[in-house]
Amino acid sequence: MRQWLFDKEDFSDTPSVRDGIATSQEQHDRAKGCSFIIAVGSKLSLPQVVLATATTFFHRFYMRHSMKEYHIYDIGATCLFLSTKVEENTRKLRDIINACAQKAQKNEKLQLTEDSKDFQKWRNTIIFGEGVLLEAICFDMTVHHPHTSLIEFSSVIDGSLFLPLCLLYRPECIAAGALLLADQYLSEELPSQAWAQIGVDLEEAHDVAAAIIDYLIVNQPRRHQISNGSKPPSEYRPNSEYRPNPSNPSTPNYVSQETFYGTSNVSPDS
Amino acid sequence: MATEGADESNLHTEKKYQKDAKIGEGTYAVVYQGTQIATGRKVAIKKIKIGQFKDGLDLTAIREVKFLQEFKHTNIVELVDVFSHKTNLNLVLEYLDSDLEQIIKDKSILFMPADIKSWMMMMLRGLDHCHQSWVLHRDMKPNNLLLARNGQLKIADFGLARDWGDPGKQMTSQVVTRWYRAPELLFGAKEYSYAVDVWAVGCIFAELMLRTPYVAGDSDMDQLTKIFHALGTPSEADWPNMTTLPDYVPFRTYPKVPLGQYFTAAGSDALDLLEKMLVFDPAKRWTCRECLNHSYFSNAPLPTKPEKLPQRAPEPEKVADTLKRKAGSLSTDNDEKLVARNKIARKLTFED
Numbered sequence: 001m002r003q004w005l006f007d008k009e010d011f012s013d014t015p016s017v018r019d020g021i022a023t024s025q026e027q028h029d030r031a032k033g034c035s036f037i038i039a040v041g042s043k044l045s046l047p048q049v050v051l052a053t054a055t056t057f058f059h060r061f062y063m064r065h066s067m068k069e070y071h072i073y074d075i076g077a078t079c080l081f082l083s084t085k086v087e088e089n090t091r092k093l094r095d096i097i098n099a100c101a102q103k104a105q106k107n108e109k110l111q112l113t114e115d116s117k118d119f120q121k122w123r124n125t126i127i128f129g130e131g132v133l134l135e136a137i138c139f140d141m142t143v144h145h146p147h148t149s150l151i152e153f154s155s156v157i158d159g160s161l162f163l164p165l166c167l168l169y170r171p172e173c174i175a176a177g178a179l180l181l182a183d184q185y186l187s188e189e190l191p192s193q194a195w196a197q198i199g200v201d202l203e204e205a206h207d208v209a210a211a212i213i214d215y216l217i218v219n220q221p222r223r224h225q226i227s228n229g230s231k232p233p234s235e236y237r238p239n240s241e242y243r244p245n246p247s248n249p250s251t252p253n254y255v256s257q258e259t260f261y262g263t264s265n266v267s268p269d270s
Numbered sequence: 001m002a003t004e005g006a007d008e009s010n011l012h013t014e015k016k017y018q019k020d021a022k023i024g025e026g027t028y029a030v031v032y033q034g035t036q037i038a039t040g041r042k043v044a045i046k047k048i049k050i051g052q053f054k055d056g057l058d059l060t061a062i063r064e065v066k067f068l069q070e071f072k073h074t075n076i077v078e079l080v081d082v083f084s085h086k087t088n089l090n091l092v093l094e095y096l097d098s099d100l101e102q103i104i105k106d107k108s109i110l111f112m113p114a115d116i117k118s119w120m121m122m123m124l125r126g127l128d129h130c131h132q133s134w135v136l137h138r139d140m141k142p143n144n145l146l147l148a149r150n151g152q153l154k155i156a157d158f159g160l161a162r163d164w165g166d167p168g169k170q171m172t173s174q175v176v177t178r179w180y181r182a183p184e185l186l187f188g189a190k191e192y193s194y195a196v197d198v199w200a201v202g203c204i205f206a207e208l209m210l211r212t213p214y215v216a217g218d219s220d221m222d223q224l225t226k227i228f229h230a231l232g233t234p235s236e237a238d239w240p241n242m243t244t245l246p247d248y249v250p251f252r253t254y255p256k257v258p259l260g261q262y263f264t265a266a267g268s269d270a271l272d273l274l275e276k277m278l279v280f281d282p283a284k285r286w287t288c289r290e291c292l293n294h295s296y297f298s299n300a301p302l303p304t305k306p307e308k309l310p311q312r313a314p315e316p317e318k319v320a321d322t323l324k325r326k327a328g329s330l331s332t333d334n335d336e337k338l339v340a341r342n343k344i345a346r347k348l349t350f351e352d
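Residue numbers (full-length UniProt numbering), protein chains in the order written: chain A, 1 to 270; chain B, 1 to 352.
Isolated chain A (complex conformation) (with noise of 0.2 Å):
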């Protein structure tokens, strides 16, 4: 695990950047390569883990290799069809590769035939590219998902069954809720080794939360409409309101910012 985890710092410092490809394009083709494979994913019925797996390796993938020398659809595909495998949701290649040629080609109603040329192309890359994936991402394919863990995290909410928080609120609500007071243990003297239990640190958590805020304010209008037309706010200010000490001097203070990714201009439909 910890050969994977990076300085925020690595992705100036890219194989793509070292390359000549600038910092924002890289994040930019990022987020569309996962696009891409959410895409694909997704036509072909796949679970929620396989896409999640199959991204991870498309990210630490281009930590090793430059977006130049390897394309991120042929990438995203390779990463796609090895994810089935080790997550045990095989598909055959054939449809993976069919979808694929679907979603890059923004033709639905595309059916490539097994001697085409296209399909051949397809087919090579990904097999191919299989041993290249395998060998950067060092053979280790076990991934461990946020998912995961927000499920350890819900004995916090184990801890509200005694309450009937369900007559009043909807499940989601309740998990935000539990998310907020969780995050106030956090800010807190005390209880703040709950957190260290579980092996969060505090401050890299904060991170996380600016850097997603700061994704879905960009991307809000095109790709993250709220259900009902409001807009997120515009900072992520963890427990304003619920905060017994708001003189705490740790309580950090996440306006939006255009550090995270050095841009702020992700979009990857475009």
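In short, the hints are calculated from the structure, not lab data.
Quick reminder that beta carbons are idealized off the backbone N, C-alpha and C, glycines included.
The reader is advised that the hints may include incorrect statements.
To be verified - Here are the simulated distance ranges between beta carbons:
#, chain 1, residue 1, chain 2, residue 2, range
1, A, T148, B, A230, 39 to 47 Å
2, B, V249, A, P146, 27 to 35 Å
3, B, Q261, A, H145, 48 to 56 Å
4, A, T148, B, E191, 17 to 25 Å
Knowing the structure of chain A, use the given hints to seat chain B on it.
Chain B alone, transformed into the frame defined by chain A:
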């Protein structure tokens, strides 16, 4: 880390090992004896051809690398390194001389009860480690249990292994070599648990005591008949959901015979543990943890120290034979898919 290219790091790995004599060749893989240059450590290098499969790298190879990368345990075979060379995938595995099947079959070797206890303990410890990580092995049998020079037993061949614990997830019942296959699998269960591995370990336990396979059926039906003959046909009370299993068929009612009648030389604590591993209802079958806490392991005689266990002189040609043999020979002959799968699995076992 970000600065080291993958090609360089792979090349670097490759250069750490020297390939020596070929010690076995199967349809899908070639196994070499090798040396870790820096340490002089003996290793087995298993070369799998990536390019030759229609669907890319075979699923069994993926499972094997994935799970062995994750597991580091004294009683699980160690994957020392992985590297690719041209279109081949190379697994560097610890070098092991023999397996439990060879020891069981070598009638010149005498087993003491404490020896059996020691092997059982190592087997259950390794398997417990898998189960604690939510992984089912699904092919526990004596020739997948390798023995190191220092006597340590190592579980090998994760080509059929998979994650488990996703409720409602359907899995194939065509796993585990027939003689070690649990009754729920023989009845076609698609949802099953750690209990299939524990059943297999129970069969191996019995085999260690008898020096011959305990229930050796020659078809799935025959396997069930022999199991019921040995242990008595389970009633609805013994195994509540049996009749709802996909391939359930009623069997003749055999009476329940006390295990002691067949295992005349075994101690009562050993028989009690065996009975707990061979409980029909998978929900009531003991877990590895429970088995390890059984008084059998703390009662006298205490388990033999691994380095004092009976050993067998290594015979390289013989091992090569095992590798070439098709594992499908013990499987359902009417299920070609399984036979094919086992043939593939064979390439991933690492008898060296």
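Against the structure, the hints come out as follows:
1. A/T148 to B/A230: 39 to 47 Å: holds (42 Å)
2. B/V249 to A/P146: 27 to 35 Å: Check failed, 46 Å falls outside 27 to 35 Å.
3. B/Q261 to A/H145: 48 to 56 Å: Holds, at about 52 Å.
4. A/T148 to B/E191: 17 to 25 Å: holds (21 Å)
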